[in-house]
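Just add 310 to wherever you are in the sequence shown, counting from 1, and you've got my numbering.
Simulated from the structure, these hints should not be mistaken for lab results. Since this is a predicted model, take the numbers as computed values, not measurements. For each residue, glycine too, the CB sits at the ideal point set by N, CA and C. There could be a bad hint or two in this list.
Dumping the calculated SDA-like pairs for lysine to any residue here, alpha-carbon to alpha-carbon at most 20 angstroms [stated by the list, open to error]:
hint	residue 1	residue 2
1	LYS1200	ASP519
2	LYS375	GLU767
3	LYS793	GLN339
4	LYS1200	GLU767
With beta-carbon atoms standing in for the labels, derived distance ranges [said to hold, decoys possible]:
hint	residue 1	residue 2	range
5	ASP904	VAL549	25 to 33 angstroms
6	PRO906	GLU676	34 to 42 angstroms
7	ARG1106	ARG733	18 to 26 angstroms
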Amino acid sequence: MPQANRLARTTCPYCGVGCGVTATLENGQLIAVEGDREHPANYGRLCVKGTALHETLGEQGRLLKPRVDGKEVSWEQALTTTAERLQAQRSAHGPQSVAAYLSGQLLTEDYYVANKLFKGFLGTPHLDTNSRLCMASAVAGYKRAFGADAVPCSYEDLEEAELVVLVGSNLAWNHPVLYQRLKVAKERNPLMRVVVIDPRVTDTCEIADLYLGIRPGSDAYLFNGLLAWMADHKRLDSVYLERHTEGLDDALSAARQNSEESASSVEAVARECDVDPERLETFYYWFASQLHVVTLYSQGVNQSSSGTDKCNAIINCHLAGGKIGLPGAGPFSITGQPNAMGGREVGGLANQLAAHMDYHTPGARELVSRFWTTKHLTPALPDAPGYKAVELFDAIERGEITALWVMATNPAVSMPDGEKVRRALAKCPLVIVSECVANTDLLPFADIVLPASGWSEKDGTVTNSERRVSRQRGMLSPPGEAKHDWWILCEVAKRLGVGEAFDYTHPWEIFDEHARLSGYENSGDTQRLFDISGLAGLGQAAYDALAPIQWPVTQQAPRGTARLFEDGRFATANGRAKLLPITPRPPAQPLSDDYPLRLNTGRVRDQWHTMTRTARSPRLMNHRAEPFMELHPDDAAQAGLTDQSLATLTATAGEYRGRVRVSNAQRRGEVFVPMHWTDCFTKQGRSGALIQGYTDPLSGQPEAKQGAVAVSKLPIAWQATLLLANEFDAPPSPWCRSDYWARIPMASCTRWQLADSQPVNDWLAQVEAWCGVSASLWCDDPATGRLRAAGVVNGRLRWWLMVGPPDELPGLAWLEARFNDATLETQHRRRLLAGCDDGAVDTGPVVCSCHQVGQASIVKAIHAGDTSVEALGARLACGTQCGSCLPELKAILEEERPHARAKQTANTEVA
């Protein structure tokens, strides 16, 4: 008998905004999602990735059984082998030969157990996380200034600010829901101003009152200049500085040495940053004149060899102006991952112990040891911090670390100097991988593979960018034999003989211990800011019902704490915030004649990390279907490249191939590439292969935003598009020997974009050799080298091929639907080579992923008179759901309005 639908509340697993999600379940399946209207992070909004979450579920492509040495085994054998091999490495080479590399995708409860096992009972300090790649510099900056890893702001502060400064953040694409909140706030408050500081003109600039397209890596010059300008123009808050801070004189002295000329010279700073002096001084005046200022910064600041200093240069200006601890004010680092902050809370960084205590925190090692001691077991905590991410893989390559356990991340793709990381993984005697997806770049290096649960199955908590703890609830059973990460760790701990310290039966017990540790001996002069002891003792029912809440949560603040430092007291020994002297440094990766272009890497709107989840939703693949590189028109022309041609980027560390996107949004001499593509989706399209392993000396965060590359045309004799029935799509495929390929999952088939330098003399023979099915229909034009063909077996379409550049493709929705036909109808068979129904119009590249609205349809509607976003939404529905495409819609409107007016004028004159 069918079950009635039920609703469940959970949290989105993508970015650090931490949106609440309401899921609809029917007969044991999750059939729909929408934004949770009561969740304080998003109030019902979701971005396009969030709205597609239910499309990413299912057993297909999931890791279902444990494997040891390439063979499927029982859980008992997998767990026993894991424990035995870990212990063997530990016995042979010592505790510090063992390491773990975790992820901001893990839940807090998973993180807590992993940290406790590795640091507390295996005795190794070498446990780090991929949060090192995105948030470590922001963390170090906060700790230096405030004495704690404590984001002072709430999302409401963005809505209450008079000035919002976005630095190194494409908020519209990377944190779309927060962008929408800011946009609405700006519409409601005409006096609010927004400044965007970014080398690229991004969609975020759509709401900017002022844009500063600075030279990559020059952020510290800019904010040092601001500090000096504030001092020179008597805009410092001397009362706040005297009562609540220290270090102004040294910070100001360093700021005045910004360049050969005085830093108070706007012209000198403008030259360093390569911006217009008048626009720069306008920003300085706006910042200095307003009290309620939020500076929101992200990876463009953090991912630098001097990222910590850049963060502190920003914080210095807020402290100097007293722009902190107030509604609508503060330096706000926006988190990249859904639980990067939760991982830091439990000690997931190599320089941490637990509960925001570091190795150098007085008495911390003894405190944690006392808390984790059981009746028969005493922890063996390390004496000093472990290796940070880049150092960790260097130690593996040296043979110093001989056992590595990776959970919920893909360092074979995401780490800088990717080829070096792969050599280290191949050399490591023991690699254990906990993973939920069956095909990733990391799995070939694994000796032991443990199938883990994923979103909708995992049960625990996450903490978002504003310190808000939310429940991520398990709604479905894990497929196959997949297990929760905390359970796997506990079972291995039992087989290592330390099970007494890991006797958990439910996530709430882990969370309860985590909450109790946060409040353990946490009072008096040594009081720690991170404290959720008010959530200890909830019990399972209250834990299951836990509503989103911001820490600290204590007896004094049982409902949480929205904003920190309102009383001007900080978490330093003397209660004062510190201004730091900052000496700007250029990027560590120098430009040269061989590598003259500055490389920038980042996310795109519809994808997440290495696409293991987002690529399971075909509509998310339509906005940017292939790896690409964005170049300024002058740089493209100099290299002999045109829009949509194929090119190669080379660096000292490796190579990247992708499709060219010519864009005036790029500065001259600079190039942008996305971070998402892996060897599972393309050939040589990993951005990490281009980045050298330079890191910030304090935070250990890699410099992923300022690489050095050269661009050249990829020599090709042909390009082709191959659509394949899904049962034929089993990589490695023979066409993957081509010089370029990109695999694009679709709902009913798989699309492959191919190119190669070697001519094909007989395409029909070639495609038959590839697919094992001969052509049933074909037409060709030898003069132009164009060909279209299709393979049909027993009335079913098995493959479709077009030889020619992809800009000659028809819209593929009609063709894709034909792969679902049990038997092709006669009229459909006749139209196969055309690739569309009779009279069908190509809708163009997808702009609105929610409703699959293409650019050609949008342009046609504009020319028909729909010259506003609202009119386009009414006609086509684009922009009416998540809003992520609104900046792109406005850009198209700006470009096409003059053509539309000209057309309408011409029509009027004719009439």
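Against the structure, the hints:
1. LYS1200 - ASP519: holds (16 angstroms)
2. LYS375 - GLU767: holds (16 angstroms)
3. LYS793 - GLN339: At roughly 18 angstroms apart (the allowed maximum being 20 angstroms), GLN339 and LYS793 satisfy the hint.
4. LYS1200 - GLU767: violated (39 angstroms)
5. ASP904 - VAL549: 25 to 33 angstroms: violated (54 angstroms)
6. PRO906 - GLU676: 34 to 42 angstroms: violated (54 angstroms)
7. ARG1106 - ARG733: 18 to 26 angstroms: With Cβ atoms ~45 angstroms apart, the hint is violated.
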